[in-house]
Amino acid sequence: MAFTINVNGQAQNVDVDGDAPLLWVLRDVLGMTGTKFGCGMALCGACTVHINGVATRSCITTIDSIEKAKITTIEAVGATPAGAQIQKAWLDHEVVQCGYCQSGQIMSASALLASKPQPTDADIDEAMSGNICRCGTYVRIREAIKLAAQANK
Amino acid sequence: MIFDGIASRSDNTSLSRRSFLASGGALGGGLMLSLSLPFGRADAAMADGFAPNAYVRIGNDGQVVLTMPYVEMGQGTYTSIPMLIAEELEVNLKQVRLEHAPPNETLYANPLLGVQATGNSNAMRGAWKPMREAGAAARIMLVAAAANRWGVDASSCQAQDGAVTHVPTGRRLTYGEVAADAATLPIPSNVTLKSQADFKLIGTPAKRLDVSGKINGTAVYGIDARPAGVKIATLAQSPVFGGRVKSLDDTGAKAVKGVRQIVRLDDAVAVVADHMGAAKKGLAALKIEWDEGTHSGLDTQTIARELDQATLGAGAIAQSIGDVDKAIAGAVTKVEVSYQVPFLAHATMEPMNCTAHFRKDECEIWIGSQAIARVQRMAAEAAGLPQDKVIVHNHLIGGGFGRRLEADGAIRAVQIAKQVDGPVKVVWTREEDIQHDMYRPYWFDRISAGLDEQGRPVAWKNRFAGSSVIARWLPPAFNKGLDPDSTEGAIDLVYDLPNFQVEFMRVEPPAILTAFWRSVGPSHNVFVTESFIDELAVAAKQDPVAYRRALLDNTPRAKAVLDLAAEKAGWGQKLQERVGRGVSLQNVFGSYMAQVAEVEVAKDGTVRVRRVVCAIDCGTVVNPDTVQAQIQSGIIFGATAAVYGEITLKNGRVEQTNFDTYQMIRMNEAPAIEVHVVKSTEPPGGLGESGTSAIVPAIANAIFAATGKRLRKMPADVSLLKA
Numbered sequence: 001m002a003f004t005i006n007v008n009g010q011a012q013n014v015d016v017d018g019d020a021p022l023l024w025v026l027r028d029v030l031g032m033t034g035t036k037f038g039c040g041m042a043l044c045g046a047c048t049v050h051i052n053g054v055a056t057r058s059c060i061t062t063i064d065s066i067e068k069a070k071i072t073t074i075e076a077v078g079a080t081p082a083g084a085q086i087q088k089a090w091l092d093h094e095v096v097q098c099g100y101c102q103s104g105q106i107m108s109a110s111a112l113l114a115s116k117p118q119p120t121d122a123d124i125d126e127a128m129s130g131n132i133c134r135c136g137t138y139v140r141i142r143e144a145i146k147l148a149a150q151a152n153k
Numbered sequence: 001m002i003f004d005g006i007a008s009r010s011d012n013t014s015l016s017r018r019s020f021l022a023s024g025g026a027l028g029g030g031l032m033l034s035l036s037l038p039f040g041r042a043d044a045a046m047a048d049g050f051a052p053n054a055y056v057r058i059g060n061d062g063q064v065v066l067t068m069p070y071v072e073m074g075q076g077t078y079t080s081i082p083m084l085i086a087e088e089l090e091v092n093l094k095q096v097r098l099e100h101a102p103p104n105e106t107l108y109a110n111p112l113l114g115v116q117a118t119g120n121s122n123a124m125r126g127a128w129k130p131m132r133e134a135g136a137a138a139r140i141m142l143v144a145a146a147a148n149r150w151g152v153d154a155s156s157c158q159a160q161d162g163a164v165t166h167v168p169t170g171r172r173l174t175y176g177e178v179a180a181d182a183a184t185l186p187i188p189s190n191v192t193l194k195s196q197a198d199f200k201l202i203g204t205p206a207k208r209l210d211v212s213g214k215i216n217g218t219a220v221y222g223i224d225a226r227p228a229g230v231k232i233a234t235l236a237q238s239p240v241f242g243g244r245v246k247s248l249d250d251t252g253a254k255a256v257k258g259v260r261q262i263v264r265l266d267d268a269v270a271v272v273a274d275h276m277g278a279a280k281k282g283l284a285a286l287k288i289e290w291d292e293g294t295h296s297g298l299d300t301q302t303i304a305r306e307l308d309q310a311t312l313g314a315g316a317i318a319q320s321i322g323d324v325d326k327a328i329a330g331a332v333t334k335v336e337v338s339y340q341v342p343f344l345a346h347a348t349m350e351p352m353n354c355t356a357h358f359r360k361d362e363c364e365i366w367i368g369s370q371a372i373a374r375v376q377r378m379a380a381e382a383a384g385l386p387q388d389k390v391i392v393h394n395h396l397i398g399g400g401f402g403r404r405l406e407a408d409g410a411i412r413a414v415q416i417a418k419q420v421d422g423p424v425k426v427v428w429t430r431e432e433d434i435q436h437d438m439y440r441p442y443w444f445d446r447i448s449a450g451l452d453e454q455g456r457p458v459a460w461k462n463r464f465a466g467s468s469v470i471a472r473w474l475p476p477a478f479n480k481g482l483d484p485d486s487t488e489g490a491i492d493l494v495y496d497l498p499n500f501q502v503e504f505m506r507v508e509p510p511a512i513l514t515a516f517w518r519s520v521g522p523s524h525n526v527f528v529t530e531s532f533i534d535e536l537a538v539a540a541k542q543d544p545v546a547y548r549r550a551l552l553d554n555t556p557r558a559k560a561v562l563d564l565a566a567e568k569a570g571w572g573q574k575l576q577e578r579v580g581r582g583v584s585l586q587n588v589f590g591s592y593m594a595q596v597a598e599v600e601v602a603k604d605g606t607v608r609v610r611r612v613v614c615a616i617d618c619g620t621v622v623n624p625d626t627v628q629a630q631i632q633s634g635i636i637f638g639a640t641a642a643v644y645g646e647i648t649l650k651n652g653r654v655e656q657t658n659f660d661t662y663q664m665i666r667m668n669e670a671p672a673i674e675v676h677v678v679k680s681t682e683p684p685g686g687l688g689e690s691g692t693s694a695i696v697p698a699i700a701n702a703i704f705a706a707t708g709k710r711l712r713k714m715p716a717d718v719s720l721l722k723a
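Protein chains in written order, with the working numbering: chain A, 1 to 153; chain B, 1 to 723.
The following block holds chain B by itself, in its conformation from the complex (with noise of 0.2 Å):
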């Protein structure tokens, strides 16, 4: 493996003009661009050797570079695109090497968002035909420029680990001896993919390529990134959300050795120093009068009543089957109940930060991000200069979540840099990045069912109101009430239900904005829905597994998964006192997932997480390894937020301030966590956030097997759990 460091590229000019990407539609509409093959010869041809389509380079001296649109930010995408291209390109992978691709939504996009993020679960999804395509594509051509430079059929011609083979003969040649030939040639118009007895990578482990750096310390994250000249700023913004500053006095803090200077904000005020311990010094000297604007009594408990009100009234249906009310008002059995789950900060590792050079013309900007044109087009907004004048440098992410698909740390960079002289990295405290963060949404669900005799349910319906982020990020996915984030989870379920309902209310909460959380919608859908499954089966006197299982037969690989998951957690066998098993099923992101979480609850009302077993059908397997490791990673997040996760706010501030008020499982209170996958050919579905969404309900019902206290409100609170 060739792996010296993630070179970034910033020099877009040389990309743009091999545009090969057709765009099209909005979000939510499956694949909306494709490969438009063939593209002009000129377009493959580079002055060093071959560059087919926007992914693939190869050199004269052989080196493959594969360009990635999506980012590694841990979830193993670095490792697993690059086994797409490699299965078809036939190169091992370690012969090549990984760029980031540069901001550039008509090359890069995400074919399911249309726009170039990594979010969602879905690169692999996007990446599974296009990129093979991309390796297909270029392999076609160097194995017919090897096969002109012998006079032989191409047909006659074998290619494997980067060079072609004339099979009569055994004559070979290199990828870069016939990368120059291959740029003159036409490229193909359609390509024939391997099938998948035929794959020699896809589906075997392999080592992540972007793990040498990270244990060595030379892996470079976007806090990392040190332009020469650069100096170090931290920011204090408005506590109250909406608030302004009103009077600055920084006498103290221009005191303070190695402070250079103080920007003042209309709405925060940066410390611009030599180092970061001399800014935070100074920032903690400076005396600031904050006007706190209209938003200085907000706190959770009215947000919460807000959308409690909201929820009696209608809202944009988003799936309805049958005839819900009158189903409701013949069954046997009602249930109804309400549902909430909190703000939830990201918390990444890697706090907020990105650095900035404004120069008269243009602007430099380094960061870690997972929308890396977005960070473009909006830096260019704050730069107040064309966007082509904003040259973005990406790197590694310490933690993305979602967070990292924000550019309001761009913005922020670019607000100091304006008055900064020289290049200036504004990291922000840990403080600053819980109390400033972009929140997983506040949602209420009030939701009801009926049963029959025999405690099935006939009808389900569900109402249930929040923010919509996609309204703010994407507004054109956000329609008629509705957008397919807020909803994925609620509707489409597993489950066999005759008459069925969901109505989703958009209210934003005042002044705080709320962004994409690890698992997102699915976050608070799948807590809700497999929580009152739960309750439904426990109405109707029936085991869990049980009763979801008889409605599971238009849904086998639901099914299956939900088996599977029972078997090996030895489901219905005995335990302690206070110790429960709980279920969850989910067929979210492309994939279906059911867990089963084993979960201890002491006297005293906390909470340990023993054991999670999981079951999973992503369809087609590229990497086992990361499966096994997002699932590990997505349980651990989940469980985080079900056992401690909720930001609060009190007279318009977020109470929480660090890693001590917003708590984190931790080694000691880690899991054991298995996972079992089921096999098959269908197309890779999504993996890094369903293991998260599946884990919260499957706590909730563990907590109810183990005390017979049903949480309806997230995170677990100790004292209603005491013995």
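So here's chain A without its partners, still in its complex pose (with noise of 0.2 Å):
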């Protein structure tokens, strides 16, 4: 089935299975890797996206669920101001290791950011518990977070 999706304000047209997964669909339909596999279940938070400005995860999300909603890659959140707050912060604070989970983690803290622009520990637990990092970067994670949110001050 044919398929327009609106894609960092691109609109893409795909023909698959109206059950097919956003996340399949970026990566190997339309070649944009950045958002990542870790799961497949929901999980991990790898493959997060933002639909609408919500943190999404896109292995679960089928193609024929998503309409005229915009969605934001980790190719283009830095155009956001939250997005590029959250990337300047991870390169400040060197939080990068392996790196594999960090565009999801990217995309979940800077849609706290935008929704929360002085996110507590608590709001920081609850909007990141669902992205893991196998490098442990959790506590420069949290660190860049507050980093982040000072320039909201």
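Treat the hints as calculated values from the structure; they're not laboratory data.
Hints are not guaranteed to be accurate.
Covered by chain A, per the in silico footprint, the following chain B stretches (three or more residues, Cβ under 8 Å) [to be verified]:
#: 1; stretch: 203–210
#: 2; stretch: 218–231
#: 3; stretch: 339–349
The structure presented is a predicted model; accordingly, all values stated were derived computationally and were not measured.
Built from N, CA and C at the ideal position, the CB exists for glycine as well.
Assembly of the complex is requested from the two constituent chains, each provided in isolation within its own frame, with the hints serving as guidance.
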């Protein structure tokens, strides 16, 4: 079936089954490999994108559920104010190790910062606990989110 | 910094002629490869610049390209190794470009392993001298070329920031301007390295060179490879280890939109499709009947019983001091217990994957590997091609932890690619990744000690059984029943123990393969050793820190880290009910480390690691931020294992499937971590794995302090810890 989805401000036509997960449409059909596969069951957060600004696991989001919603991926999140703040904090604070989960971490963190410019530790726990980091960068992720939030003061 | 993605060299022909490393011996005996300078003049020349050795290339445009013999998997090696070269080459890190080394065991072998691999926390230990020498040799030649141009003595010239200056006149030539001349000069036969006091880069915090692409989606991991026309495949391997495909009905799978082909192997079935969504849907629609083979009754308990029984016999003696049996017989107090640790999966965030394109007389591979030459060799065997007909492109690694020292993913991809026209990317589901990992071995230890009137240990005897990963992975290094990995952390303890014996017996589990897992041998041995010394302190009715400290007169570096960790952690200060502190101390991977974990055990038995204080003496620090980052990382990795980590078998298959049943510590559970570094001028020690081995016993000991329950089996069993 043919679908037209809005990815990073661009209309994209894809011809896949309606139950095809957005993750694989992004990665394999559109060639946007910044969004990562980790579990396929919304357990790890590596595949997180924004749908109308809300952090969403693309591995369980079927293509027929998206309709006209605006999808933002890691490739374009830097164009949003919160995304740019988070990316800068990630660099300044040297968060990244292997980096594989960080697309998803950054998408979750930037959605958090966009909705809560001054997140508390509890807010961070709630927004970020769906994202697994096997390199254990949690300490720095927490600090970097706080660093990014300082720009909002 | 120049970073436009990390290039991958696949043209190993141009490098192979510049063979300059002298290879020797086997693993375990220290530095096995050394720079054999000088090498021929022609070897240093290249068409467009200067390449005095396998690590450094300088183009006529001045571009400095460093070829990385170790792979980047998050541990910061793509920053710390360039620091070593740049320190002596006199360039700054912003001027360098990095390339993955191609498969070449001669040029790029790890000096401490004897093969081209990144593991065992030894990149920095192996690279410390040769990489600085590589930079220094290049610098000497560049300076000489500039001096010749000016007709002055080289000693009147100075190199800095990628250029040579004639100090008396201020004349300056960039490296690019003299690269072609330098390439014609003889390579110096010996080089003098800087003294530590002259370091400009080493010891200062350097920003990581591999990061910018990792925050905007442009970094390319193995799973991101997309050669033109690539199809995506996913697979089902026999759920029972050793089973085979008995019958296959692929009618439903073939009807899925986007599915192109079904590939049947002897022990697996793959669905090839336009995208992974279609491949997974096709896989779910397959009807596979398996011949389960001979292991369908296998379970974890059977394996554990076998190891338990094995420790009743005698093993290969790894270390023996004094007369341990006599000393135990004469001891005032005797303690004898057993410990066990489970199989563990690696669960790298990037699931196993490999892209392969099998053509008539060659095969091309795209992968992220810790052991690229091994991949080339084993892929060639699977393809039925000579090794030089297999082209391997290495990539960034989305978590290694030992998993990507194995080539099984590449072999699978080649098996499938042989039946597919065009390139095929084989991506394992998370379920396949966990259920068909090669696991951290299950180990069983029977350990005993004797104490004198003062409670001091006069005898220590440890006999343990389990798999030897080395025996499979690097057979020549398994000798007389022993290998250097299985016993690290069980022998050469920091403590003064006058009568001491450790025996190992290699017992391989049926059907399932074991592999290196972050902190390897010490992942098990430090848990046992540091839990047991804690038990001895309890038996002696002494404080665990004071008890250890009294045994450290011969190991001042160990004593220093123990003191520092205890002080910073507030050891001895009062805590709430069901909160405890536990300590651990180790000397593994060439670094001394002490940790104090503060753990809270809820009334329902749930374990929460609240805070970890770590003190380390890792010798000379190369990149201070990497030290912090790697220890934080290692602690989370080990704490995850202590709290959750367990792979179990039932009916010949792994019971865990995904992150719901194989759980990870997450943001809301992550402890606060403090890392304190003891200043040292010793050569660098390893770091990537130390935090992992040390945290497990620190947590177990803290749980004992909080609850009085001694956990001799990992992970922590919540049902034993209820109030």
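- Quick check: which numbered hints come out false for this structure? none
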